[in-house]
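Chains as they are written, first to last, in this note's numbering: chain P, 1 to 400; chain H, 1001 to 1393.
It should be emphasised that the hints constitute simulated quantities derived from the structure, not laboratory data.
Among these hints, one or two may not hold up.
[Unchecked claim] Straight line, CA to CA, 25 Å or less: simulated BS3-like cross-link-like pairs of lysine-lysine:
| no. | chain 1 | residue 1 | chain 2 | residue 2 |
| --- | --- | --- | --- | --- |
| 1 | H | Lys1067 | P | Lys287 |
| 2 | P | Lys288 | H | Lys1067 |
| 3 | P | Lys319 | P | Lys287 |
| 4 | P | Lys161 | P | Lys143 |
| 5 | P | Lys304 | H | Lys1327 |
| 6 | P | Lys227 | H | Lys1067 |
| 7 | P | Lys343 | P | Lys294 |
| 8 | P | Lys385 | P | Lys125 |
| 9 | P | Lys319 | P | Lys294 |
| 10 | P | Lys265 | P | Lys185 |
| 11 | H | Lys1327 | P | Lys294 |
| 12 | P | Lys340 | P | Lys361 |
| 13 | H | Lys1111 | H | Lys1389 |
| 14 | P | Lys287 | P | Lys227 |
| 15 | H | Lys1096 | H | Lys1067 |
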Amino acid sequence: MQAEMSDVMRRSRSRDGAPPLPLAGEGWGEGISTKKTPLEEQALSRIASLDAMRPPPQAGEVKQARQQLQRIEERRPLHKLMLRLSLFGALALVAAPAHAFIAYVSNEKSNTVSVIDTDSWTVTKTIKVGQRPRGIDFTRDGKFVMVAVGDDDTIQVIDAKTQSVVDSLPSGPDPELFAQDAAGKILYVANENDNTVTVIDLEKRARLGDIQVGVEPEGMTISPDGKTLINTSETTNMAHFIDTSSRQIVANVLVDARPRFAEFKHDSSEVWVSSEIGGTVSIIDPKKHEVIGKVTFEIPGLRKEAIQPVGIGMTKDDKTAFIALGPANRIAVVDVASRKVTKYLLVGQRVWHMAFTPDEKYLLTTNGVSNDVSVIDIVAQKVIKTIQVGELPWGVTIAP
Amino acid sequence: MIRWLAGLIGFGLAATSAFAAEPVLIGVGYLGVATTRSTLSLVEQPAENDGIAGARLAIEDNNTTGKFTGQRFALEERRIKEGEDVVQAATALADKNGFIIADLPADALLKVADALRDRGTLLFNAGAIDERLREADCRANVIHTAPTRAMLADALGQYLVWKKWSRWLLVVGSHDEDKLFADAIRRTATRFGAKIVQERTFEDKGGARRTDSGVTLIQRQMPVFTQQAPAYDVLVVADESEVFGGYLPYRTWDPRPVAGSAGLVPRSWDAAQDQWGAIQMQNRFVKLNSRRMTALDMQAWTAVRMIGEATSRTNSGDVKKVTDFIKGPDFSVAAFKGTRLTLRDWNLQLRQPILLVDGRMVVSVSPQEGFLHQVSELDTLGYDRPESKCKLK
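Kindly produce the complete structure, drawing on both the sequences and the hints.
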């Protein structure tokens, strides 16, 4: 350990001999322990005390050292991992290949949607769509993919068979995220530019009305019983609870700054809302409309501001939640019962949204800055693959 | 009705319930000067509503939230004309408003702060970038949303050093504020290891900013003024008074980039900033004000949003309660800069990333990668706690 540490510190200081950055796909499996050995502490404080006034001719050098340090931290419980792997390794790794699913990834900057085959883990097609594609979701029948193209003020519809754009929906201006009811008949769209949620009849392709909400509506989700729509507004910092039958706001719950995403537990007992700037996930009781708990994050060696929770995914058994931490480049694995982070998985850069394969064997995450998608093996809680997609991948959906 | 009236005239009224029948009224005053400064570039000439336009948008944003929290925000504007008594105007504003956004020169701001000290009014300095307002002359009732000269200079310096343009030719105007900015640039050079290879002063000999054949003359003057300089990577110009800085880009004797008051400029905000969800706010601003958003607009917007953030978090319109929350450890505000903004508790300066802009694009955002700090990387910009001379009173 000692040798490795000093080795890393030395290498990271040299201009040319710097080792490559850890790759997202390398996935060291076991999470970060918060306990530091004295040596690591020393190294950390050494990095922290590097004079801010020092000119950094080797830009990124310190960051590199820091990442190396994290790499070591993540490697430390390697023996534990080995033990674990030997226990269920046969199950997790040698099991027959799952049957293939198709994932669609919206690439915000390249105005495309990448189609990924989950058997070969390769991009099989790139579909040209409108400008600034972000929110993306399959229709309930699995026949179409809807993608919000914000700068074209519409939602485009992709035929999953021909994998091409066949139609568009009358959303309001600048649609970003949307939610559909259980029957797949009504679509609710968050329109960032005019503080409204637009209600669309999917069959008639017609706009049914608008609901006035807070400043910059973003996150959207519907309760499993279909009665309540949750919308988060980024500058108002609230989760708005909307009655889907009357289309009226019934409650507003204040959460931390810049709420981005909302997710119901499958048993309807809780709504989880991520706050990107606040750096927390608020857990709301949907009956009492009160915040009943918060998930907080701490990653050694990483400044607090870099932890910006966005996307949330919850397993069907409601036992485990996965939370994307944006520029922290990690997915937090959270034990839902205790609301504690059990592990941080290193993925690509600026991770935002995610989708499970229907068999819940894998979780796909979109990593905006590194232009790739990480594949997480749910059982092993390990990143097994990184797939290059278009520029600034934003959202992902998988055929049901 | 009584309650509404009380809310209108009294700023001390606390919200009792989030869904009270009548909303709690929160008054925000805006105090500025009536004159606008002259700029070299016609494009950069500030609009008459520079600053307050940002406050107006934030009032709208706060009121959208206020619909759900039972709070209503109102803005009252007051512009001081030449020779008018600023204290009198401020006192009149403070009668009706518990919060005042100020865009005033340093001395006027200090006068107002001291006059309102015992009234409990909370002031936001949205305009003055003077270091001394956060240092020797800091006040416990003034929060600064405007960045300081040192923050701006450090933001620029970090980028230049990152770019390895570390030999600077410093050109300074002859006015006081030019010299203050030059001081900040010198401090930055020392901190980050850049070298000022030579300094030159450009004397302001008067003359009109707009002439019909100006370009011909300038094209001859500027190369001559910058010739025979020692080897340098970038010309850094300190010309806050807008006398000559804008004339330098593309006209230097040696082909070198220009930064500082012209060329690559450090600013708290820019009309071109569209990252981190900013496009939504830029759109709202243009819709409301029919022009693009400036740094001063943003500094005023942030101040009013800070008030809105604190009133919704405390569920109160009480100035004391709101002030305590803003100054407390749990306060932060989101302002489309990719990170939460917090207050430096030792001098009430808002920590914030600084954009480096060229008039068309955002070139970079500081702090730059690799400039580390044990508390917040934003504290690598400007005077840090151990250096501060501020004792809040």
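**Request:** Given the hint that Lys288 of chain P pairs with Lys1067 of chain H, test it: the Cα-Cα distance must not exceed 25 Å.
**Result:** 20 Å, holds
Exercise. Between Lys1111 of chain H and Lys1389 of chain H, does the CA-CA distance stay at or below 25 Å?
Worked result: Roughly 20 Å separates the two Cα atoms, so the pair holds.
message: Lys265 of chain P and Lys185 of chain P were given as a pair; does the straight-line alpha-carbon distance stay at or below 25 Å?
response: Cα-Cα ~22 Å, so holds.
| task | Please work out if Lys1096 of chain H and Lys1067 of chain H have their alpha carbons no farther apart than 25 Å. | result | Roughly 22 Å between the alpha carbons, so the hint for Lys1096 of chain H and Lys1067 of chain H holds.
Given the hint that Lys1327 of chain H pairs with Lys294 of chain P, does the C-alpha gap stay at or below 25 Å?
-> Distance ~23 Å between Lys1327 of chain H and Lys294 of chain P Cα, so the pair holds.
field: Hint consistency between Lys1067 of chain H and Lys287 of chain P [alpha-carbon to alpha-carbon, up to 25 Å]
entry: 22 Å, holds
Within a Cα-Cα threshold of 25 Å, do Lys161 of chain P and Lys143 of chain P meet the stated pairing? Holds. Lys161 of chain P to Lys143 of chain P sits at ~7 Å (cutoff 25 Å).
task: Below or equal to 25 Å on CA atoms is what counts here, so check Lys340 of chain P against Lys361 of chain P.
output: 22 Å, holds
Item to check | Agreement of Lys385 of chain P and Lys125 of chain P with the hint, judged by alpha carbon distance not exceeding 25 Å | outcome: Holds: Lys385 of chain P and Lys125 of chain P sit about 18 Å apart, inside 25 Å.
Is Lys287 of chain P close enough to Lys227 of chain P, meaning Cα to Cα at most 25 Å?
12 Å, holds
- Query: For the pair supplied as a hint, Lys319 of chain P and Lys287 of chain P, is the alpha-carbon distance within the 25 Å limit?
  - Reply: 21 Å, holds
Compare the distance between the alpha carbons of Lys304 of chain P and Lys1327 of chain H with 25 Å, and conclude whether the hinted pair is satisfied.
-> Given pair Lys304 of chain P, Lys1327 of chain H holds - Cα atoms ~20 Å apart, limit 25 Å.
The structure is consistent with each of the numbered hints, conforming to all of them.
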